[in-house]
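Enquirer: Read off the chains here:
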Amino acid sequence: MQTIEGPARGAADDPRALVLRGLTKEYRKGFPVLNGIDLVLPGSGLTAIIGPSGTGKSTLIRCINRLVQPTSGEILFRGQDLARLSGRALRNARRRIGMVFQEYNLVERLTVMENLLCGRLGYVPAWRAWLRKFPPEDIERAFDLLDAVGLPGFATRRADALSGGQRQRVGIARAIMQEPEIILADEPTSSLDPKTSVEIMEILGKFAAERGIPVIVNIHNVELARRFASRVVGMSGGLVVYDGSPQQLTDAHLKQIYGGENWME
Amino acid sequence: MSDAAHQPASRPKPFAANWGARVGWCLLAVYLVYACAQLGFSAERFSAGVEHGQRFLARMFPPNFGRWQLIASGIAESLQIAVIATFAGILLSLPVGLMAARNLMPAWVSWPTRGFIALCRSFHPIIVAILFVKAIGFGALAGVMALIVASIGFISKLFAEAIEEISAKQVESVRATGAGFLSVLIMGVQPQVLPRFIGFATYQLDSNLRNSTMVGIVGGGGIGASLFTAYQRFDFDVVLAILIVIVSLIMIAEILSGWARKVFQ
Numbered sequence: 003m004q005t006i007e008g009p010a011r012g013a014a015d016d017p018r019a020l021v022l023r024g025l026t027k028e029y030r031k032g033f034p035v036l037n038g039i040d041l042v043l044p045g046s047g048l049t050a051i052i053g054p055s056g057t058g059k060s061t062l063i064r065c066i067n068r069l070v071q072p073t074s075g076e077i078l079f080r081g082q083d084l085a086r087l088s089g090r091a092l093r094n095a096r097r098r099i100g101m102v103f104q105e106y107n108l109v110e111r112l113t114v115m116e117n118l119l120c121g122r123l124g125y126v127p128a129w130r131a132w133l134r135k136f137p138p139e140d141i142e143r144a145f146d147l148l149d150a151v152g153l154p155g156f157a158t159r160r161a162d163a164l165s166g167g168q169r170q171r172v173g174i175a176r177a178i179m180q181e182p183e184i185i186l187a188d189e190p191t192s193s194l195d196p197k198t199s200v201e202i203m204e205i206l207g208k209f210a211a212e213r214g215i216p217v218i219v220n221i222h223n224v225e226l227a228r229r230f231a232s233r234v235v236g237m238s239g240g241l242v243v244y245d246g247s248p249q250q251l252t253d254a255h256l257k258q259i260y261g262g263e264n265w266m267e
Numbered sequence: 035m036s037d038a039a040h041q042p043a044s045r046p047k048p049f050a051a052n053w054g055a056r057v058g059w060c061l062l063a064v065y066l067v068y069a070c071a072q073l074g075f076s077a078e079r080f081s082a083g084v085e086h087g088q089r090f091l092a093r094m095f096p097p098n099f100g101r102w103q104l105i106a107s108g109i110a111e112s113l114q115i116a117v118i119a120t121f122a123g124i125l126l127s128l129p130v131g132l133m134a135a136r137n138l139m140p141a142w143v144s145w146p147t148r149g150f151i152a153l154c155r156s157f158h159p160i161i162v163a164i165l166f167v168k169a170i171g172f173g174a175l176a177g178v179m180a181l182i183v184a185s186i187g188f189i190s191k192l193f194a195e196a197i198e199e200i201s202a203k204q205v206e207s208v209r210a211t212g213a214g215f216l217s218v219l220i221m222g223v224q225p226q227v228l229p230r231f232i233g234f235a236t237y238q239l240d241s242n243l244r245n246s247t248m249v250g251i252v253g254g255g256g257i258g259a260s261l262f263t264a265y266q267r268f269d270f271d272v273v274l275a276i277l278i279v280i281v282s283l284i285m286i287a288e289i290l291s292g293w294a295r296k297v298f299q
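Taken in order, these protein sequences are the chains called A and B.
Sequential numbering of the first sequence, starting at 3, is according to the working numbering.
Sequential numbering of the second sequence, starting at 35, is according to the working numbering.
Simulated from the structure, these hints should not be mistaken for lab results.
Computed from a predicted model, the values in this text were never measured in an experiment.
Any given hint could be a false lead.
[Stated by the list, open to error] Short, incomplete list of chain B residues facing chain A, as computed with Cβ under 10 Å:
id, residue
1, 66
2, 67
3, 69
4, 71
5, 203
6, 204
7, 212
8, 213
9, 214
10, 215
11, 216
12, 218
13, 224
14, 226
15, 263
[What the hints assert, rightly or not] Covered by chain B, according to a simulated footprint, are these stretches of chain A (three or more residues, beta-carbon under 8 Å):
id, segment
16, 92-98
17, 104-113
All C-beta atoms, glycine included, are put in the ideal place defined by N, C-alpha and C.
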C-alpha cells in the first residue's frame, strides 16, 4: 500500500527535487530488496527514511549515488537520470552528491584536513591530490568548515585519533566540501551516543538550511526523525508504506512500518 | 572402571579420534626412516662428518682480512646489486601488485597478472641468475635482473594481498565524492597500504642483500664470486672473513630497515 500525501505532491514541480520512478534493486534475481519505489523527495529540507533493518533503506540511498547499481527504474535529479550514468558523467554527478556514512568511513591514516580535501577529489586532478597541492581556496574552506562543525585546531590530527562524534563531524564536513546539491546520510547517528546524535542531526540540518539543499537521512531513531525531519518516508519490505509529515506519523503507521506493537510501549 | 560407571552412557565421545591424522603421521615417520636409509645416513657417516667439520672450522681461524680490498669491492658490488634490484623491483611491483588485487581489478586483469607473478616466483633466484648469465653474459647486470625478477615474484604478491585486505568502506567513501580511479588510489588506497608496503620493501631489501651475495657464484657479480673462489682454493680463513662481512652487512640492514619501518609506522 502506498500513501502519497501532503508535501510530496507539490514537490514534483521543484527543479531541485529528487524523483524516483519504479526503482528496483535485486541482489539476487527474483528477490527484490527495493520493489519498484516511486518517491518524490523535496528540493529542500530534511527527509528521514525510517524502517526496519534489511528493508532496503541503505540500498535506496546507495542507488542514488550509484554505490549500488539499481536493477531497474529511474533516479531523476536536476534533469539527469542518475541510474543511466557511467564513467565521467557518473563521477561528475557523484561530486554533487555528498554522502555521510554510518561508520564515518574516513580514511583512517589521513589527517582531518586530508579527509576534508577528499571531498574535492571530483574537482581536483589526481597529481594535485598526490602532491597535496590543493587549491588554496579549498584549504581555506576546509578550515572554515572545521570551525563550523566545532573542530577548530583539528586539521593535522589523524582521523584514527578521533572519537566517533568527531569523526562524524569530519564526515559531514567532507560531504559539504563537495559543495553538494544534495546530501545523503546513511544511518549517520547509529554509532553515536544520544547527545552526539542530536548534535550531528543539528549540524546536518543547519548546513542543509544554509545551502538550501535537500538532505535524505536513513535513521533508526523515530524520535530523532520526528524532531529534525520536515518529511518522513516509512519503508517496509522494499516498499514505501508512509510518506508524509512527521506530525501525521501515528503509532498505527509505525506499527505498519515495523510490525508488531509491543516495542512501542 | 568406576569412573566409566559415572559416565552417562548416552553422551558422545567429547574428543573424536582423528584416524586420518594418525595414519598421516605414521606414513610420514615411515617415509623419513626410508629416506634416511636411502641417502645412506648412518651414525658412522655422521661421526665422520663431525670430524671433518672440526678440521674445516679449525682452518677458518683466524679469519684472514689480508685481501680486504677485494672483499670491500665485492661487498660494494653486492650492495649496489641489492639496492638497484630492490628499487627497480619495487617500482615494477607496485603496478603489478595493483593489477593482481582482485578487489580493485576485474578478473580478466587480476588472473593473468597472478599467473605472471607465480611464474616470477616459481624459480629460485639462483636458477634465474643462471638464465640471465647465459642470456646477457657475466656480470652485475645479470645479477640485478635476476633479483628484480625475484623481487617482483615476491612483493607483488604481498602488495596484492595487502591491497585486498584494505577497508572497502574507506575506499567507498572516497569514490562517493566523485573521485576518479587514480585519486581513489592516492587518497583511499595508498594511505591504507603504505606502512605494510614499507615493511615488505625492507624485507625485500634484506632478502636481496642475502641473494646478491649468492648470485656471484653463478657469475652474476658481487662478493659471491670471491667467496666461491676462496672455497675452491681452500682459503677457509678468507671464507670466514667474507662471511663475517656479509653477516655484518645483513645486521646493519636489519637495523636500518627497523628504523625505516618506524618512520613510516
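Enquirer: Could you run down the list of hints and mark each one as holding or not?
Expert: Tested hints:
1. Residue-level restraint check for residue 66 of chain B is violated (minimum Cβ-Cβ distance to chain A is 48 Å; threshold 10 Å).
2. For the restraint placing residue 67 of chain B at the interface with chain A, the shortest Cβ-Cβ distance is roughly 53 Å, beyond the 10 Å limit, so the hint is violated.
3. Given hint, residue 69 of chain B at the interface with chain A, is violated; its Cβ is 50 Å from that chain's nearest Cβ, farther than 10 Å.
4. With a cut of 10 Å, the hint placing residue 71 of chain B at the interface with chain A is violated, because the nearest CB-to-CB distance is about 57 Å.
5. Below 10 Å, beta-carbon pairs count as interface contacts, and residue 203 of chain B has one with chain A at about 4 Å; its hint therefore holds.
6. Annotation: interface hint on residue 204 of chain B holds; nearest CB of chain A at approximately 5 Å, less than 10 Å.
7. Interface hint status for residue 212 of chain B: upheld, as the beta-carbon distance to the closest one in chain A is roughly 3 Å, under 10 Å.
8. Against a cut-off of 10 Å between C-beta atoms, the interface hint on residue 213 of chain B holds, since the closest Cβ of chain A lies about 3 Å away.
9. Checking residue 214 of chain B against chain A by beta carbon gives a least distance of about 6 Å; that is within 10 Å, so the hint holds.
10. The beta carbon of residue 215 of chain B is positioned within 10 Å of a beta carbon in chain A (closest approach about 8 Å), and the interface hint is therefore held.
11. Annotation: interface hint on residue 216 of chain B holds; nearest CB of chain A at approximately 4 Å, less than 10 Å.
12. A distance limit of 10 Å between C-beta atoms decides the matter here; for residue 218 of chain B the minimum to chain A is near 8 Å, and the interface restraint holds.
13. Hint on residue 224 of chain B holds. Least Cβ distance to chain A is approximately 9 Å, under the 10 Å limit.
14. At its closest, the beta carbon of residue 226 of chain B sits 6 Å from a beta carbon of chain A; the interface hint therefore holds under the 10 Å criterion.
15. The beta carbon of residue 263 of chain B is not positioned within 10 Å of any beta carbon in chain A (closest approach about 48 Å), and the interface hint is therefore violated.
16. With 6 residues carrying a beta carbon less than 8 Å from a beta carbon of chain B, the segment 92-98 of chain A meets the three-residue requirement, and the given coverage holds.
17. Counting residues of the segment 104-113 of chain A whose beta-carbon sits less than 8 Å from any beta-carbon of chain B gives 7, enough to reach three: the coverage restraint holds.
Hint check: violations occur at hints 1, 2, 3, 4, 15; the rest are consistent with the structure.
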